[in-house]
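> So the protein lines, in turn, are chains A and B. First residue of the first sequence: 889, per our numbering; consecutive thereafter. First residue of the second sequence: 17, per our numbering; consecutive thereafter.
By construction, these hints were calculated from the structure, which means they are not laboratory data. A hint or two may mislead.
Listed next, with one range per pair, are the computed distances between beta-carbon atoms [to be verified]:
1. B:R314 to A:S1002: 39 to 49 Å
2. A:R1118 to B:R351: 46 to 56 Å
3. B:A248 to A:L1076: 49 to 59 Å
Rough simulated footprint, nothing fancy, chain A against chain B, three-plus residues with beta-carbon under 8 Å [to be verified]:
4. 58–68
5. 102–111
6. 138–144
7. 206–212
8. 337–345
The C-beta atom is built at its ideal place from N, Cα and C for all residues, glycine as well.
Now for the letters of each chain:
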Amino acid sequence: MTTSSDIRADAAVVETAAVAVAVAETATETATETAADVLPSAAGTPAEAGPTDPDLAVHLLRLGDDALVLGQRLCEWITHAPTVEEDLALSNIALDLIGHARTLFTRCGRLDGSGRTEDDLAFTRSERQFTNALLTELPNGDFAVTVARQLAYTHYAVLYYEALAGCPDAELAAFGARAAKEAAFHRLHADRWTRRLGRGTPESTRRMQRGLERVWPYTRELFEEDDVVRRLAAAGTVPSPAPLHARWEQHVTGVVTGAGLTVPAPAWSAGGGRGGLHTEEFGPLIAELQSVHRQFPGGTW
Amino acid sequence: MSAQATAALPADPAVAPAAEDELLAHFDALVAGGGTVEPRDWMPDGYRRMLVRQIAQHAHSEIIGMQPEGGWLTRAPSLHRKSVLIAKVQDEAGHGLYLYSAAETLGADRADLLEALHRGQQRASATFNHPALTWADTGAIAWLTDGAAVINQAPLCRTSYGPYARAMRRVCQEEAFHVRQGYDLMRALCEGTPEQKEMAQDAVDRWWLPAVALMFGPPDTEAGGADARTAALGAAVSRRAMAWGIKRHTNDELRQRFVDQCVPQAERLGLTLPDPAIRWNEERGHYDFTPVGWDTYREALGDDTHWARQRIERRRAAHEDGTWVREAAAAYAAREDADAARQRTEEPA
Ligand SMILES: [Fe+2]
Ligand SMILES: [Fe+2]
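Can you build the whole structure from these sequences, using the hints too?
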């Protein structure tokens, strides 16, 4: 049955694996491509020190923490999603978010003069040193809560990253442009699910409305402006998110009402994340994130 | 891939019984000549059934196989490794989807296949009934079980059924990346602290047997460790699959290839494969290893253990929790279709 050309064809594929391993052996610190085009580790590239800017470092750390923490929450869904397609979609989004966090952390470590790597920032800070908005750490809840959280965040992220793409720092502007493009896909995913659930069955409508009510009090914090942001905006370094709130509200209102749902009008607004004051559910998230890294002091990964 | 023979077959299944012998002769000749069978071609029922069973089991294995590594996504010790692992688990979900689609070209329905998995009527590879206890397990799984998968599946890239072969070409390419990443992860651990290396060795100690025994199926030759009767039985099944071009090699042949590939890699890592019988056999030109007999195989299966139950339970829970979401999506799609239809009738062109 098996011809010699068959054997050669097999050998070629098996060879691929063997060659792949051989390549891995020679390419220690260089880029490691994966089937999904995972970006090369920024940890491997020596950081040119560059000028420091403590305010910008604080700001980029906040953005990076948003991305990492939301990505971590989405990772919790994988293998628990309603369909295999959603396992795939949510992991895709998580992968992009982790990518954003890596770029932002690497830059932050240079800007604050500490020389900390992306992994130093992700794995060796305590809960109180994380500065993500509380929205991103909210537990996943049911699929509708996750969709509502995605809806709020992605509409904000597209607007903010688009604005960032116009900033004078070329590296940051390029990142903003790339992140805005990726976030636009995540926004499409959230918009579609909001509509499907809103206009699906009575149960899904009820759950989607409840999901919106759950996350809405946490949306305002994304647009908060403090002295750090005001100084950065005044100097023209990066835009403030505050002026984007009106457009955000207009966009999400369009999606929510289009889905036959009501935009919540929360009586209170959560905050504190930017100052390191988190929910009680945040501690376990960080403990899980850092557990292996902390278990092996001096480990190399 | 000799596709030139494809055109020879009539496409209609509803043919007179008298023609069946002729169709079968055509089919046998096509497959024997290394031709490709396409969904609309006539095929024997047994061929269709064997394919559906094999493709479904493979698809289920991809989906269930996401779990042991998926459990480490939230704990990956660096952001680079986290990204790589997310990408890998995502690839496995994609493999599951291609394969379910390939099964659907044979008239199977994905929902029915999943239902059969959840009810225990169909199975995933027992390899994944083993627990991923430490971070190093994610490396050992990618290096060893994905490595075994590449060897096992490489011949399937030329399997006689077209959609399956095409799905497998894509799958194999991605699996080869997984092997490389798994090896790279293990190497980082082996070059790290003594505690890291110890974790790596422990993972290999636990994943070697599931990989070498379960990824290739039971022994099907006497040399491979089966007694004469089971070898004959195994060989008969393998022979039929081979005659139909679904399978191309015996389980034991592929197992040997796997051992030959892994031993030098383990040596370079400085890890010990947990089989004292492994040594180079100059005469055979292969590594000797402890044959995987039926007893070993059965022991490795871990049927109905805590973990076997856990995997299916998690699948079922995810599916049940998601019922309202799938129902909503279906209701929404139906309403959209109805709206579109109404619009077409209201606004005649
Ligand atoms: Fe796979
Ligand atoms: Fe794989």
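> At least three residues with a C-beta closer than 8 Å to a C-beta of chain A: is that true for the region 206–212 of chain B?
holds (count 5)
> Range first: 46 to 56 Å. Now tell me if the beta carbons of R1118 (chain A) and R351 (chain B) are that far apart.
Taking Cβ atoms as reference, R1118 (chain A) and R351 (chain B) lie about 48 Å apart, which means the hint holds.
> Can the region 337–345 of chain B be counted as covered by chain A under the rule of three residues or more with Cβ-Cβ separation shorter than 8 Å?
Per the Cβ count (9), the hint holds.
> Tell me whether the statement that chain A covers the region 102–111 of chain B is true, taking a Cβ distance below 8 Å and needing three residues at minimum.
holds (count 8)
> May I ask you to test the hint 49 to 59 Å on the CB atoms belonging to A248 (chain B) and L1076 (chain A)?
holds (57 Å)
> Taking 8 Å as the Cβ threshold, is the statement that the region 58–68 of chain B is covered by chain A upheld or broken by the three-residue rule?
violated (count 0)
> Take the C-beta atom of R314 (chain B) and the C-beta atom of S1002 (chain A), compute their distance, and say whether it sits inside 39 to 49 Å.
Roughly 56 Å apart at Cβ, these two residues miss the hinted range, so it is violated.
> At a Cβ distance under 8 Å, does chain A reach at least three residues of the region 138–144 of chain B?
With 0 residues close enough to chain A, the hint is violated.
When held up to the earlier numbered hints, the structure conflicts with 1, 4, 6 and fits the remainder.
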